[in-house]
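**Student:** Residue strings, one per chain:
Protein chains: 2
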Amino acid sequence: MSYTIYSDEYFMNEALKEANYAFEADEVPIGAVIVMKNKVIARAHNLTEKLNDVTAHAEMQAFTAAANYLGAKYLQEATLYVTVEPCIMCAGAAYWSQIQRVVIGTSDNKRGYSSLSENILHPKTEVVKGVLETECRALMQTFFQMKRENN
Amino acid sequence: MSYTIYSDEYFMNEALKEANYAFEADEVPIGAVIVMKNKVIARAHNLTEKLNDVTAHAEMQAFTAAANYLGAKYLQEATLYVTVEPCIMCAGAAYWSQIQRVVIGTSDNKRGYSSLSENILHPKTEVVKGVLETECRALMQTFFQMKRENN
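So the protein sequences, as listed, match chains A and B. Residue 85 in this note's numbering sits at position 84 of the first sequence, with consecutive numbering throughout. Residue 102 in this note's numbering sits at position 101 of the second sequence, with consecutive numbering throughout.
Please note that the accuracy of each hint is not assured.
Which copy? The list can't say, so a pair holds if one copy fits it or any two copies do.
[Stated by the list, open to error] Dumping the calculated DSBU-like pairs for lysine-lysine here, alpha-carbon to alpha-carbon at most 30 Å:
# : residue 1 : residue 2
1 : K130      : K148
2 : K51       : K74
3 : K74       : K18
4 : K125      : K51
5 : K130      : K111
6 : K148      : K74
7 : K51       : K40
8 : K40       : K148
Just so you know, these hints were derived from the structure itself, not from any lab. Bear in mind the structure is a predicted one, so any value in this text is a computation, not a measurement.
My request is simple: use the sequences and hints to build the entire structure.
**Tutor:** Below you can see the structure in the form of structure tokens.
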């Protein structure tokens with residue numbers, strides 16, 4: 002499917018491509034891209050199994066890659082597109098990055114940061130939820146269904 | 002000063018050595034070590050300025066290094082010693098690591114994870130606070146005092 006260029010759906014579709022790479026690598030299929038001035042400056046997918054590292058979430062790698070690209074720590078003019086709602090660790094990193102926008106595919110009612118009663122993102126960070134939600138959720142559901150059937 | 006070998010003070014002093022490296026490098030002086038069976042398996046200090054990376058907190062690097070050392074993601078038999086109370090990001094990472102104990106030097110009333118109303122660490126993680134508190138706090142105070150005087 003094609004999406005209007007530079008729309009939230011367009012960039013979420015890029016994050017979904019990353020999530021698909023994770024799926025193919027037998028990782029929990031979550032992908033992320035960071036966009037600034039309509040340019041993807043970082044892309045990553047979950048690699049916790051391959052790297053044996055609980056901190057190797059898509060978002061964490063994307064924050065690091067974006068900062069490397071910019072040569073600067075802060076992402077006040079950037080948007081994170083992530084296929085699944087960030088966990089507390091990743092939302093804590095988003096706070097430090099002061100990222101301008103966080104665009105989320107599907108919610109994570111169990112481990113998502115918004116399960117906390119307090120908002121832990123930066124107060125200036127704008128949040129948009131539910132972009133390509135069906136596609137982002139379906140990928141997760143397929144993954145965990147396959148896992149259950151293989152156990 | 003010398004501390005009883007393998008005591009919490011002994012290992013916190015190792016974390017303090019790391020914090021001192023951060024101080025000397027003009028980084029916010031926070032250090033961490035991860036210990037398993039009385040052996041330091043990871044040591045790190047804050048490098049957010051040098052690496053231009055808001056995720057480069059001492060604890061995050063230590064989690065990654067410990068997992069690399071063990072070749073395993075989880076740290077259920079390990080203890081994190083950190084000179085300053087972890088932030089929300091680092092506590093979120095500690096949650097995923099399932100680390101057995103977190104030993105903290107001095108509190109961070111502003112950005113520490115315990116400023117949240119909910120406990121975001123793993124329910125099995127034991128927390129000890131105030132080990133070498135005076136030394137850990139003094140290093141932070143000296144750093145920020147110098148920063149103020151130089152601005």
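**Student:** Go through the copies and call it for K51 and K40: within, between, both or neither, with a Cα cutoff of 30 Å.
**Tutor:** both (28 Å within a copy, 26 Å between copies)
**Student:** Measure nothing new, just compare the shortest in-copy and cross-copy C-alpha distances for K130 and K111 to 30 Å and report within, between, both or neither.
**Tutor:** both (16 Å within a copy, 28 Å between copies)
**Student:** If the cutoff is 30 Å on CA atoms, where do K74 and K18 land: within, between, both or neither? Let me know, please.
**Tutor:** This pair counts as both: shortest intra-copy Cα distance 26 Å, inter-copy 25 Å.
**Student:** Within a copy, between copies, both or neither: where do K130 and K148 come within 30 Å Cα-Cα?
**Tutor:** Close inside one copy (27 Å), not across copies (40 Å); limit 30 Å.
**Student:** Please work out whether the CA atoms of K51 and K74 approach to 30 Å or closer within one copy, between two copies, in both situations, or in neither?
**Tutor:** both (26 Å within a copy, 10 Å between copies)
**Student:** Within a copy, between copies, both or neither: which one fits K148 and K74 at a CA-CA cutoff of 30 Å?
**Tutor:** Result: close only across copies, 19 Å inter versus 37 Å intra.
**Student:** How would you classify K40 and K148 at a CA-CA limit of 30 Å: within, between, both, or neither?
**Tutor:** neither (35 Å within a copy, 36 Å between copies)
**Student:** Treating 30 Å as the Cα threshold, decide for K125 and K51: within, between, both or neither.
**Tutor:** between (34 Å within a copy, 26 Å between copies)
Hint compliance for this structure: hint 8 is the single one not met.
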